[in-house]
Each structure stands twice: as structure tokens, then as C-alpha cells.
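Number of protein chains: 2
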Amino acid sequence: MKEPNALTLLLVPDIRLALQNDDEDFIQDVVCHLHAADLADILESLEEGERTAFFQKLPPQKKVETMEHLEEPAELILLLPQEEVIPIIESMSSDDRADMIKSLPEEFVESLLPKISLQERNDIKKLIAYPEGTAGAIMTTEYLSLPAHLRVEEALVQIRSLAPQRETIYYMYVVDSEGHLKGHLSLRDLVLADPEQRLQEIMNPNVIAMHVFDDQEKVAQAIQKYDFLAIPILDRQERLVGIVTHDDVLDVLEVENTEDAHKMAAVSPLEDAYMETPFWLLVRKRVFWLSLLFIGEMFTSSALSHFEHVLESYIVLVFFIPLIISAGGNAGSQSSTLIVRDMSVGEIGLRDWFVILLRESKMGMVMGALLGILGLGRALLLGTDAKVALIVMLTIMLVVTLGVLVGSGFPLIFRKLGLDPAVTSSPFVASVVDVVGIVIYFLVARAVLGI
Amino acid sequence: MKEPNALTLLLVPDIRLALQNDDEDFIQDVVCHLHAADLADILESLEEGERTAFFQKLPPQKKVETMEHLEEPAELILLLPQEEVIPIIESMSSDDRADMIKSLPEEFVESLLPKISLQERNDIKKLIAYPEGTAGAIMTTEYLSLPAHLRVEEALVQIRSLAPQRETIYYMYVVDSEGHLKGHLSLRDLVLADPEQRLQEIMNPNVIAMHVFDDQEKVAQAIQKYDFLAIPILDRQERLVGIVTHDDVLDVLEVENTEDAHKMAAVSPLEDAYMETPFWLLVRKRVFWLSLLFIGEMFTSSALSHFEHVLESYIVLVFFIPLIISAGGNAGSQSSTLIVRDMSVGEIGLRDWFVILLRESKMGMVMGALLGILGLGRALLLGTDAKVALIVMLTIMLVVTLGVLVGSGFPLIFRKLGLDPAVTSSPFVASVVDVVGIVIYFLVARAVLGI
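From first to last, the protein sequence lines stand for chains B and W.
Counted the way this note's numbering counts, the first sequence spans residues 1 to 451.
Counted the way this note's numbering counts, the second sequence spans residues 1 to 451.
What the hints contain is simulated information worked out from the structure, not anything from laboratory work.
Wrong hints could be hidden among the right ones.
Since the list gives no way to pick one copy over another, a pair counts as held whenever it fits inside one copy or between any two copies.
[As the list claims (entries may be wrong)] Lysine-lysine pairs mimicking DSSO-like chemistry, simulated, CA-CA at most 27 Å apart:
(1) Lys126 x Lys387
(2) Lys285 x Lys362
(3) Lys285 x Lys387
(4) Lys218 x Lys62
All figures in this text were calculated on a predicted structure; none of them were measured in a lab.
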């Protein structure tokens, strides 16, 4: 019995030692007891030379599986002799393989492809042609399709012979002679059926399918909604060309969630993890939004200089500027995160705009009233006169309400315009609220003080 | 062929009409063509009375599946007569059922339980006892376990008879007489094996398992890492007591990602979606952090009043306060999001602290220099004298560097202290930077102006 993860990395020093001492027994013992995902973790912790040495000790099938579990399989492929690489690539599952080939240098792929068997080569060419982010780019072509007239026992015989080349044999698809999808059934249905029945009698003709150019996030949501192990993917002519499996969905969701999280903090989405992203690329991804926000924020200087005369007579007003604008920004960033997140998991949509804005206005007034009272207390404690304290309280109420309206309104507007609501990042909301908040503050001040 | 989602909600008005006119044919047509997940969507769009009427027209098996796909099955259970509810509850999958029972009123459960068959009742009592967030709370007890001495063909016969009561028959577990897990195999292995072989010869003895009290997020990560359909769950005595399946993982990841997103925006995690959370509960979830941040931000007033004499002589310094502190806050919120997100998906950990802080210091200096120059330009454009422009530039450089260090350092410190790094929300980082940033600004100003 093993706990995942815990053991694996503890083994690395021992494996290093075993590689140095050529302790074949120890290495084979490790290899045959560990899951390919753990072997991939170990490979990633080894140095370049050790990595190839260890990989070459794996039995052929483990080589293929381990390659599929590596985060950057292309790196390892480039370290290995080409004649060793060919059989591995030919046996990899078609979606992992296509992903890997996309990150290999072009010249390398050109020298590699002619050596790969025709069938696999065509499969590779077809899959790498789909744009990133589509169903086509994450699907595998190794699905199981069977003709409708087959009897259950014949189907089981076919499955036995086809199983080794199929990513999953738990779902199978019934297609006609042109490749159009007619129904689906599961290995469970097959095992439970009378061996004499024909597939067309037991298949479910209500197949839920998606298309090669559909967004990968939509495909992931469908698999999640229906609890599928796999969903069939059709081409423009409605012919079955692949399936997306449940494990791909987890990867898609992780990538999409990370992208959303980054956008919400005004970072342009990264393709790799933080540590793998080169320094200057990370600078570019961050500086773009940071400068844009900075330029937007410059309007606060204009606003403040416009009210210079008020400031000069009541310098005490300055003390509450950061307090007021941050309260509005924080309340707004809460709203935008709540709305954007629920939009991205499909819990709320444009149709709910009225309810959302009504709810957030009330929310803003309640929270604004509370913070306003705290602000009043703070101003009085600091010894400011009652008029200024009143200005602070009124402004906080208004600015917090403004904040939640900006925070909830902008995602709705962006969605309406067909833009990604996640662009309504917390810093974006804060910038808008900072500028407008300052104007509100001094307008209230002028009104109360009568200047 | 159907696109998921698109059709479903368009059917609602027709279904309403059919219910009013008692158009049995139309309803049965809809029911037999739609997936239970879509029927659940339709039920959720109907009014109370229509909902029970439509549900009662479903055939028994569809009733069970649809109930499992509802977001709030407890609501529907309460609308139905108890004698109708009993057989549905008895047939629901054990994890969905336990979840549902936890949200039913206590008195209702007490009157319900005695009417449920002993075996199912014991299963319910066992599962609802596990605390929220543990593997035990999301596992199902409907797994397939077989003795090691069974031959493959005998196993297939057993599976045929057991399949209807099992959540998945694609993975099966070999246990000894005390319930200890000895190995696992898949239906694929079984279908490919020689019918005469015994399970012990073909099973994989290297089982990866987790425990009932393990965190659900760790279970989800393991299933994701190993691409499993299900992972076995053991009790304290290392006996097999359940499995967690791939579809539960998607739900867990969605909940955990939403929680993280909310924390990053300083909202205490919600249990339900935004629209389902009652107004005053939402107020409480938001006001807690908002007030805390507000109180923290009050130190900006103290800092500013401390430097009142500088302000009085150089009122122009006020114009740049929001610009400076927002630049630091934004840069810091980028850092904290990058670090927290990569920590939560396991890409970086405490061991990387030195690299992270070194990288972020460099990042802060580069971005600070760039924004500093923009700030200098802005100050000169506004017609301030060169000394003030210089102060603005220097301060922005320092505050941006401070921001990224706060943004990246705090998640590391929180992780080290055993706290959740996601508490380092953008607003939290901004508050710290606001207070310290103001102090830095006036210290630089005093030094440059010599006052």
C-alpha cells in the first residue's frame, strides 16, 4: 500500500546511487513497483545524464507510459538517440503525442516524421493541425468504434483484439459506413447484455457529442455535467473523429482556472508555471497590465490637483484619501471576483444582470453604512472637526456602493461585449474606484463645507 | 446528436404547456431522449408544483439518476410524499445520497431513516459521520471487491450479477477475508485475460490508496496525477471501505478553486453559489474581511497625519499618493496571485523560497524602474518642480519592490506557519503596501527636500 507522492521523492538519492553503482536489481525493483506517474516525478528530479540512464532501464511499455506522464516530454525526447525514440512515439497515446510534438523544434520534427509509420504519422499531422484550446487539440483518435449489426459476443472478441491500441475500452461508439455516429454503449452494457443481442438493440441512440473546433473549456464542462468517462468529437461533416477523456478534462480545468486567477490579478496568462517562465517573459506578462493600470491611475493626480484649493484650506482631508479609496476598491474586488467566478463555472449569466445589480446595490449600501460608521469613529478619534468626520462617513458610503457597482457591473458589460469578464481584475476595479472616489470625496467636501 | 445544454432550456416552455394539457406523449418523448443531467436542469427551471408533477412522470431508474444530478436534491425530496421517496433514496448512489441527507432537516431524517432498509440505513449513517472535506465524506461504498482465488470467468459472472448496485465496474479490488486490500485490476485486464487465470495472477499488487480522513483535495490531486477512474479509500485499520470516483474529483476541484478565488479577493468562502447565498449571509462573509482591511488601512491616516507639516509645505506631494500606493499594491497582488496559485496546484513549495524572493526582488526593481520613469514624466507634465518629480520616481521604485516582496513573501510565511497562503489576498497585500508606502514616500521626501 502506498500513499501517493510521499515515497517517490525520498527514493531519488537511492536511485542516484544505484545508477552510479550499476545496481540493476535495485533499479528494476523500483521500476516494477512504481506507477508511471511516479517514475515521471523521479525522472524530473534527476540530472540530465542520470535521466537518460534511468529512462533507458525501463521496460518498453513503462517507457511509453512514463513519457505520457512527464510535464515536458519533449526535453527527454531530445536527449535520447532517435532510433530509441521512434517506437516510443509510435506507441504513445495520440493526444499526449501530439502535445509533445508541438513543443519539439521544427527541424527535429521534420527529421523525425519520415521515420514514423505512415498511419501514426498521418494521425500526428491531423492532430497537431487543430488550434490550441479546441476540442481537436486535446482529443485522442484511439477510440473504439463498432458497426451496429455486430452481436455482443462478436463485439467482445473485437474489443479483446483492439484493446491494446485504445485509450479507453469502457465507452464504445456505433458508427455507420460513412463514419456518422449512431449510438454509444459502455463495456458495462456489453458485459450485462445477452451475448446474442446486436449492438443496435442495446446501444443508446441519444449520444451527446461535441465538435473539433469547440472550446476545450466547453468540452470539459460537458464531461463534468454528464459524469462521462469520455465524450465523442465530430468533424464538420458530423463524422466521429476522436474522443476527449475524463483525465484531459482535469488538465483543461487546471489550466483554465490558473488563467482566470492570473487575469483577476492583472497578469497576462502564462503558458508555463511561474518557475518555468523565463524572467523577461514574466516581466512582459506583468508590465503590460501594470503600466496600463498605472496610466489609468494617473487621473487621480489630475483629480487631486483640480481640488488643490480645497486641500489647501482643509489639509486634514488628505488623511482619509487612502482609507476611502481602498474601502471602495476592496468592496468592488469582492464583487468582481464573486461574479466572474460564478460566471466562469456557469452559475450565473447575463440573464441575471438585474438581480445582480439590485443585490449588489443593497449590499453596497449595507456595507458602506457599516464602514462609514467605522470611518466616522476614526475621524473623530483623530481629532478632526465634526464636519470633516461627516464628509468621511458620507463619502465612504457612496464610494463603497460605487465599488460594488463597478465590480459587478463591469463583468456583465464585458460579457455583453463578448469580452472575457475575467479582465475585470481587482486592480482594474480599484483603479476606476480610486479616480471616481476622489472626485466624489471632494464634491461631498465642497457641498458640506460650502466652498 | 445533441449539443449539451443548448437544447435543454428551450424545452422548458413546451414542457410547461404539456404538463398543463396532460400531454403524456410529449413528456415521455422528452424523458426518454434526455440525459438525467438535462432532466435535472429542466426540473430546476420549473416552478414547485410543475417540478413534482414532471418528476413523478419519470420512470423509476430515471428518477434516481435525475435526483443524483440535481444541485439541491433535498428541496425536491421535501416536496414529494414520503412513500415515493423511500425507494429512490434506497437506490441512489451512496455518496450522492449521503450528501443529500446532510442537507435535509433533522426531524425529517429521523422520521425517514427507520423506513429505509437496514443495510442502506447503516450505509447512510456511516457515510454522514465523516467530516466535510475528507475522503470519507465524498467516497461511495458501492465498489466491487472480489477474492483473490476467483478465476477470471467466475469473476465476470459475479460482476454481471453485482453490476447494477455498483458505481463503477471498471475497477475492482481484491481483498482478503479481513477486508485488507491485496491488489486491483480493471475490467480491461479481465476482458483481456485468459478465462482460466486466477485474479491473484493478473491483479496489480501495487495499489495506490488513501485514507478516510485524508483531505479531499489530496484525493483529487492523486486521481488527477495517476489518471485514475477511482481510488480506493481505507479506514484506520487499513481495510477497504470505499472508493472516490473521477467525477467527484471534478466537483471537489471546482469547489476548492472557487474557495481559493474568493479568499484571494478577501471573501470568506461561500458554501453555495452567489445567487443561492442568502443576502445577510453574504453580507457577513464579506463584511468580516472588509472591516479587518479597513481597520488595517486606518494606519494610513495615522501615517499621513504624522507628516502633516511636510504636507502643509508641499501640498503637491498629495497629488501622487494614490498613484504611488496603487502601483505597489498592484505589483504585489500580481506576485501573491502567481505564488499562491502555483502553490495550490503544487508547482512550487516552501523549498523554493530563496529563488522566489530573489526573482521577485529583481522583478520589483525592473518594474519599479519602469513605472518610476512613467511617474517622473507624469510629475513633470503636471508642472511640479524637479525635486518633487524625483521624489515620486524614487518612491515608486521602492514601493513597487516592496509590493512584490510583500506579495511573494507573505504566502511563504503563511505556508511556513501552517496557514492557508490564499489568505494573502490582493486587498491584504495592498493594505500593507499602502501604509508602508506612505511612510516611505514621506521619508524620501524629507531626505530630498531636507526638511
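Verification of the hints:
Proximity of lysine 126 and lysine 387 under a CA criterion of 27 Å is satisfied in neither setting, with 73 Å inside one chain copy and 63 Å between copies. In this homomeric assembly, lysine 285 and lysine 362 come within 27 Å of each other (Cα to Cα) only across copies, at 15 Å, whereas the closest approach inside a single copy is 37 Å. Taking CA atoms no more than 27 Å apart as the test, lysine 285 paired with lysine 387 passes in neither setting, with 46 Å inside one copy and 32 Å between copies. Taking identical chains as interchangeable, the C-alpha atoms of lysine 218 and lysine 62 lie at most 27 Å apart only when they sit on different chains, with a minimum of 25 Å there against 33 Å within one chain.
Hint compliance for this structure: hints 1, 3 are not met, and every other hint is.
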